[in-house]
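Peer 1: Residue strings, one per chain:
There are 2 protein chains.
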Amino acid sequence: MNKNPTMQEIANELKLSRLTVSSVINGNASKRGISAKTITVVEDYLNKRGYVPSMQARNLRLGERSTLGILYTGHLYSHLTEAFNRVISIQNANKESVEIMIVQQIDLLKGIQELRGRGVTRLIWIQTERPENLFKDIDKVLNFLAPLDSVIFYNYQFGDNQWVELFQNEKIHLVGIDRLDGFKNMGRFLKKIGHEKVGITGSANDGLGEIVKNAYTSIGLEPKFTNTKTKADTLDLTGKKIAKDILTLIKNEGVTAASFVDDEVAGHAMVELMKCGIKVPEELTITGYDGMSYASALRVPLTTLSIPVEDMVDHVFKLLNQKRIKKNNYSHVFKTKVIKRESHSKPNK
Amino acid sequence: MNKNPTMQEIANELKLSRLTVSSVINGNASKRGISAKTITVVEDYLNKRGYVPSMQARNLRLGERSTLGILYTGHLYSHLTEAFNRVISIQNANKESVEIMIVQQIDLLKGIQELRGRGVTRLIWIQTERPENLFKDIDKVLNFLAPLDSVIFYNYQFGDNQWVELFQNEKIHLVGIDRLDGFKNMGRFLKKIGHEKVGITGSANDGLGEIVKNAYTSIGLEPKFTNTKTKADTLDLTGKKIAKDILTLIKNEGVTAASFVDDEVAGHAMVELMKCGIKVPEELTITGYDGMSYASALRVPLTTLSIPVEDMVDHVFKLLNQKRIKKNNYSHVFKTKVIKRESHSKPNK
Chain C
1 MNKNPTMQEI ANELKLSRLT VSSVINGNAS KRGISAKTIT VVEDYLNKRG YVPSMQARNL
61 RLGERSTLGI LYTGHLYSHL TEAFNRVISI QNANKESVEI MIVQQIDLLK GIQELRGRGV
121 TRLIWIQTER PENLFKDIDK VLNFLAPLDS VIFYNYQFGD NQWVELFQNE KIHLVGIDRL
181 DGFKNMGRFL KKIGHEKVGI TGSANDGLGE IVKNAYTSIG LEPKFTNTKT KADTLDLTGK
241 KIAKDILTLI KNEGVTAASF VDDEVAGHAM VELMKCGIKV PEELTITGYD GMSYASALRV
301 PLTTLSIPVE DMVDHVFKLL NQKRIKKNNY SHVFKTKVIK RESHSKPNK
Chain G
1 MNKNPTMQEI ANELKLSRLT VSSVINGNAS KRGISAKTIT VVEDYLNKRG YVPSMQARNL
61 RLGERSTLGI LYTGHLYSHL TEAFNRVISI QNANKESVEI MIVQQIDLLK GIQELRGRGV
121 TRLIWIQTER PENLFKDIDK VLNFLAPLDS VIFYNYQFGD NQWVELFQNE KIHLVGIDRL
181 DGFKNMGRFL KKIGHEKVGI TGSANDGLGE IVKNAYTSIG LEPKFTNTKT KADTLDLTGK
241 KIAKDILTLI KNEGVTAASF VDDEVAGHAM VELMKCGIKV PEELTITGYD GMSYASALRV
301 PLTTLSIPVE DMVDHVFKLL NQKRIKKNNY SHVFKTKVIK RESHSKPNK
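First to last, the sequence lines map onto chains C and G. 1 is the number of the first residue of the first sequence in my numbering; add one for each residue after it. 1 is the number of the first residue of the second sequence in my numbering; add one for each residue after it.
Rather than coming from a laboratory, the hints here were simulated on the basis of the structure. Quantities reported herein were computed from a predicted structural model and do not represent experimental measurements. Every clue listed holds true.
No copy labels: a pair is met if it fits in one copy or bridges any two.
Result set (SDA-like, lysine to any residue): computed pairs, CA atoms no more than 25 Å apart in a straight line:
no.: 1; residue 1: Lys171; residue 2: Asn4
no.: 2; residue 1: Lys327; residue 2: Asp314
no.: 3; residue 1: Lys192; residue 2: Asn214
no.: 4; residue 1: Lys241; residue 2: Thr128
no.: 5; residue 1: Lys15; residue 2: Pro147
no.: 6; residue 1: Lys110; residue 2: Gly74
no.: 7; residue 1: Lys340; residue 2: Ser293
no.: 8; residue 1: Lys335; residue 2: Asp236
no.: 9; residue 1: Lys323; residue 2: Ala93
no.: 10; residue 1: Lys110; residue 2: Ile25
no.: 11; residue 1: Lys275; residue 2: Leu237
no.: 12; residue 1: Lys229; residue 2: Ser89
no.: 13; residue 1: Lys241; residue 2: Leu208
no.: 14; residue 1: Lys279; residue 2: Thr228
no.: 15; residue 1: Lys275; residue 2: Ser296
no.: 16; residue 1: Lys340; residue 2: Asn185
no.: 17; residue 1: Lys48; residue 2: Asn169
no.: 18; residue 1: Lys318; residue 2: Leu76
no.: 19; residue 1: Lys110; residue 2: Gln91
Can you build the whole structure from these sequences, using the hints too?
Peer 2: Here it is as structure tokens:
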């Protein structure tokens, strides 16, 4: 007898009719007048054999269902792991059918097609890449999203408004924070305590750097970029490399603060800078981005920007049941908050 | 026309035969002598409409495939997030079909049944719970795992050997570390630098506490448990509560070291203890468990026990293709390593 017996094989083994076996498997046994004793015999056998009806069989039986899909592109990291955990746990509590796909950015379209093929009608799309790195095949992506009952793009990074109208037209919900606004928040805080020249990790020419530059210059700060090359490094090594470039910025440009886009990298850079004799925060203010839970236990408790993950994810589940009609608002912009700890102070002039 | 058109509807729309349309969809068009021009017309239309054949249709066409399943129970945390990311990225690179389910511990059996129903033949089961909390329905779980071509249980925590033989008999691979051995590692290190009385988070009566107790007493240390009640707290609050209990152990029991089972909690407790005036490491040695990448950037760089996640995950993919035969070795025990940083010193007597 094979590993996955057919109903006929089970019936033969138990000396019962195929109809009796299929009635138990399909949950119609009592309705069909099969005795409790026979039902128990069949059920015990199914459990002993580890029998599972195939998905095709169950789908044919259940007909069309509303299925939730979760599409995650890239790697789980920082606040997105928290969001993913929260999505999964709400979903588990809902006892609803769910299909999960995790694909590389380059396979975004394939991921959408696969989920559609599995019968997904409502989609939570958790996107790790910034929108400026997103779309080569945007038209095709939108075509394959159009037939779904609802689509929520989680972690949309507002700030450039290049794509917002496009998604509004396509009736795709965008849930995320406004990066420009977030960096302005942090910038205003730094300015208020007296900083002018602020070191920024990255380059003014990448998409994120441009936003930080716009945010900081718009409120009268002078951003100075580290231009650190950190491809494929660990976060520890990235932090160390950035620390060296910040030392240069302190010496050559007179920066009094360094603004990071990741809490862990901020932590590693902080350790390295302190090893090189820089006092934090007296000689250098350091700020993070993410609001990770370990940030308060770093070398110096990190002043950082928190992202309201719980509120955002809870909102996603409310949006899932909205109809895709034109007049809705599809942009859901959440506010960041500066968490003030001990890694900032007035500049030491 | 509905959102998910049938092949017949597409054919009507394009004024082509249903056979022509289905041939393009099924990839038989050139074989059937359909012109390149017509193929392009159909393909463009399918892309514009975002047409996806249903999974049932594709499965019927493709027949039986070998499908990898990933079953994750509970929440993604610490080194398991790293493992999950690595599994997904190897899987993505393999371009193989994969089914992912993430369920609560209580729905373990349902998760296995669902994956089986989806045609999964090889399973990576990433388990977040300790084995002593695992199994009410162990017999049933094993029955439903039996028909699979291979099953790898990732994060099996060796140390008690209650279940090892059972899994060996069931030909289920166990990949994990030996907790008893890990704590002995850490204990020997603490003893070597002169500690005798060591505070342990948790209780001697929970499964993990018992293992720590056995490990530490077997090498001549005296473990003293905090017995902290921390249900459903944040890691930050957990750390603070434990810190208070460790203060008591320092005062009443004379502990000179505190051994944690989680790096982040160790970090938060460390911050709180230092706030209460305890010098780390001079007055108290603190050790962690996990080897998280941020542990080197904590208040005092944390001496901890590292888990070889990369090696373990790479081994999982080798095991996936092994036949389930009795004579194989199904226990794959990986070694932990003490990472020596700055949170330990000789006791201050």
